[in-house]
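Protein sequence lines, in the order shown, are assigned to chains L and W.
Going left to right, the first sequence walks through residues 1 to 299 as the numbering used here numbers them.
Going left to right, the second sequence walks through residues 1001 to 1339 as the numbering used here numbers them.
Read the hints as simulated data drawn from the structure, not as lab findings.
Glycine is no exception: its CB is placed at the ideal position from the N, C-alpha and C atoms.
It is possible that part of the hints are untrue.
As the list claims (entries may be wrong) - If the Cβ cut is set under 7 angstroms, some of the chain L residues that face chain W in the computed set are:
(1) K109
(2) K112
(3) I119
(4) R288
(5) L292
Claimed, not checked - Here are the computed lysine to aspartate or glutamate pairs in the DMTMM-like style, where the Cα-Cα straight-line distance is at most 25 angstroms:
(6) W:K1124 <-> L:E20
(7) W:K1312 <-> W:D1278
(8) W:K1087 <-> L:E289
(9) W:K1327 <-> W:E1029
(10) W:K1146 <-> L:D41
Residues per chain are reported as follows:
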Amino acid sequence: MANIPVSGSRRRAEPVEASEAWRSFRFAAWLGWQITSNWTDPLLFAIYSVIRPVARAAILVIMYGVITGNNFTDPLFPYIFLGNAFYTYVFSIMNGVSWAVIDDREHYKTLKYMYIAPIRIPAYLLGRGVAGFLTASLSVVITILAGVLFLHVTFDPLHADWLLFSLTMVIGVVMLALMGLVLGAISLLIVRHSGFIAESVSGVLFLFSGAIYPLDVLPIWLQPVGYAMPITYWLELVRRSLIGDVAQAFTTLARFTNLELLGILVGLSAVFGVASIFTFRVCDRRARERGLIDRTTNY
Amino acid sequence: MTPFAIETETLSRIYKMRGSKKEKEIRKELVALDNVNLNVERGELFGLLGPNGAGKTTLIKVLTTLLAPSTGKARVAGFDVVEEARKVRPLINMVSGGESSGYGLLTVRENLWMFSQFYGVPSKVAYQRIDELLKRVGIFDRRHTKSSDLSTGLRQKMNIVRGFMTNPDVLFLDEPTLGLDVGASREVRGLIREWLDEDKARTLLLTTHYMVEADELCDRVAIINQGRVLACDTPLALKQRLQKDAIFEVETTPLNGLKAQTIEDLPEVRNATATEHDGGATLELILVEEGALGGVINVLNQKNVRIMKLNKREPTLEDVFVDLVGKSMADVEQAGSNE
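Pulled out of the complex, with its shape left as it was, chain W reads as follows (with noise of 0.2 angstroms):
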């Protein structure tokens, strides 16, 4: 028996776009996923770490099913996800976040156990694991309220105990505290790391663009922008990659058209972001030793900007992203949403 739960060959999707009515001609082809290559061990909580649109959401649809991949090969459970999908099926479950998906006309309850009967649990044990579940995530006392009455939090709760009463050898989830309050993020969290817990055959593959959830609960973490995996470590590893660099915070005045390139430019600075907000602007540096900090306050006095606040930090994931990108998460997905 292969020790993987999840294995990728040169896994590859290309969706074909359609252009509009006036450019029926024109044809492009996105690459949501590019040559992955992954192994998931068996009782592993692996992450896929990435901006809206890196092909996260794209490799679940093809783990679990429900999308062909164009080119390569996967496998879950140590089956093939096109050849042998109904061998696959009973062994997994899927939750996707920031959805309110679920029949509005049935009760929690009631969505809860028709689909529990769908993977064939006996009705007795999927009421007392529904049950139990609900009462895990605090929705117990809303078992008998319609679904289409829950807020969009707790409809999402719902999901989440959908995923888990049937138990899967492979569970994914698809940014499952997406759109939840800091409470409800901290009770998913737990709740994914005890049922892992409580059995060590379990897997859980998990896709998030919040660093810090990758960090708290991953085993170990894939960072994936553009359909490439970039990195695939521990999330100790990974940031132990820029240890030796010095990375520093700097609240600035407005940076008069100053900008990060020109700082990056400088010798010995291996990366700079700059976010520019109300009444000033926040450099991230990642520096190849401290004391290239001084030519970058140079720079910053030419250009009359003043040092507000300067904070030395040690490295976290965004930063690892940042060094292996160039550019920060959230402005990966901003030149996405202005392509």
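Just chain L, same shape as in the assembly (with noise of 0.2 angstroms):
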């Protein structure tokens, strides 16, 4: 066996962490992409892509309809359209990133080998979060498509504010990814198939993050907990970037401007940041006292 040298053997004792940590996400998120991309065949991975936004689309639109007595004029409309539409984010990108947890440990019995290998955990699993980035994206951009061209949504794209959209998302995206970090930081204490989680508290965020109904519709004792998420202020960023004046209709932020809310983002989301890499180191040293790492329950 020729002995080929192998860059970063015996001599490297110091790993770069700038490059550590930007390899662990590269390569996490290639290995998401494949495992979410490669589970059916391109064809019937595209197919699915498409009709899975539209039908869940479809459904609140002939929902709403019902309810409303097909008033698509009422500003609500847009409103619950793309708060439901751009909340995908939410769980696709928490989920993305503390699924990797069970995936790894549970199914592909490999969580180990990324334990003992020179990466960072904590980017290697924000890495594996982007797909669910991914494929949101593609999810909300088809959903927005089919509104404006079948479902009776009203959106004109030269009047959004794309910079503060882009701000708003960008803030938004890493904001999720942290909070999957802390899903992920809890996962890997229970030695369970605990997939429910990202699923259970986005249903729960969901209701508190005024995706569907402004937070004034909330009895008044729970409305703080909306107010306390970043998630909040994300949507209603959104919704005022792309449709501001429909997005004003409501009092619940009125009283902000676009600035003080991306103020708001920008705290509440350092906060999140901070809790949430905490979390993780906490769980992490509690994961290896216990032994918990490489511990699976066959499920």
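Given two chains presented individually in distinct reference frames, assemble the corresponding complex, making use of the accompanying hints.
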């Protein structure tokens, strides 16, 4: 066997942190995409990617039409439609990041090999969430397109504030990924098939984030939960950037300017970000102490 | 620089086990490692030999930074596995046998390439090394097969390549031949030896419960049971401990209720184990001197047990284990599974 020199063999002891984190993220993103897109043949995957979001949006529109007597001119309709469409990111990204723990540990039995590799596990998990972001983006674009073409949604791209939208999306995606990291950290400690975590958390947050109704609708004692969530401000900014005048028809957050909302979103995201990194470190240490990194339950 | 690739100092690991819902208050403690002191020199092929549940895998998990020790210290390649875990990881790799890990949707080559990228190996070098190792273990023709379509044995070979391809300073192989057929096991053992001979700075720690594997491969062996290292030496030196003893293997008719303990209680009998099988039994005897065999034959006669075959043989590592533990490895595993 020829001795082929391998880069970074015994001569290296001090990994370069930035490259290590980037490497972890990059190849985890590649892996996540392979897993997400390779479960069936490309044609079936494309059909599934189109039909799923359109069907979900259609159900919502039909329900709305039945309840309101087809009043699609009410500003509530685009409010609900966009809120629901963009909420797809919440589950997809959080699940993409946190599910990697369960998937690698229980299904592929590779989590231990990732843990002993010279990578940054948080960066690796965030990378695994990229596939969730991509599929959610595809889903959102298709949903909005279908909404405009077939489902009575009025949206004029020429009047959208694309700069605000881009900024909001960048902050929002980072915020959701860090929230996913918290769920991933908790998954490390739950030695069960805990795939329900992202689903239940995103389901609960759906109620409090003003996705499909303004926070005013909630009982007054529940509203603070919504106001404390960065997702609430993120969704509001997404709506304002795309359909500004319609979004401001609701009084809930009308007292804030776009800049103030952006400030709140950045502030809350930073708080959640610091908390998520702290939580991950604590859970990671506990998992090593309790021997949970490679414990499978064979569900 | 320390001459040791692996060092442990009074290393212990205790698992706290929770009881079932009904017995919530009952918290059991399982001592998986009990004050383990080991030094493995650079360039050494070191074996951990013991039955299932002896603590071998736990020790590997601690050394590979997967599991925190309860007390004590461990260093790999000169770095503390807890305090300097990030310095340890680029220098090690691990393969666990008897499992089918890997991303089933990726091909063999994609799986291996991806892991090489996590170790920062340039793609060109990685592909070269992957192809060469795949040829070496005989699955090069399956390189474009999705790993989910491989048999368990072939997947294990893929994982063995994953361990070697990053060219680690210290490689941990946990039961690498478990579940492999005889030919594949031989290939893997050949690869292990060749890989070590290629670079004298490489170190390999291997766990096994196959005595022959430990005997054939390892420079030194630590015999471990119930988390404690009972002996640590070269296979030859371990066997020489029993050189002055007489070791017999006796095939008999059924034992008619005769217990191995009765034989072991005889003078000059160091150890006796009995394995009953269809139509008879096999006695493994370690005698202080050959003359003690007469007493054993008398006891067998009293119970109407006839000797079918008597064989005196050289000591093996199994005999060393029996001598140290008082039971065969199979008996220890059987007792463990009955608990």
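Each hint, compared with the structure:
no., hint, in the structure
1, K109, "holds, 4 angstroms"
2, K112, "holds, 6 angstroms"
3, I119, "holds, 5 angstroms"
4, R288, "holds, 5 angstroms"
5, L292, "violated, 9 angstroms"
6, W:K1124 <-> L:E20, "holds, 19 angstroms"
7, W:K1312 <-> W:D1278, "holds, 23 angstroms"
8, W:K1087 <-> L:E289, "holds, 19 angstroms"
9, W:K1327 <-> W:E1029, "holds, 24 angstroms"
10, W:K1146 <-> L:D41, "holds, 14 angstroms"
When each numbered hint is compared with the structure, a violation occurs for hint 5 only.
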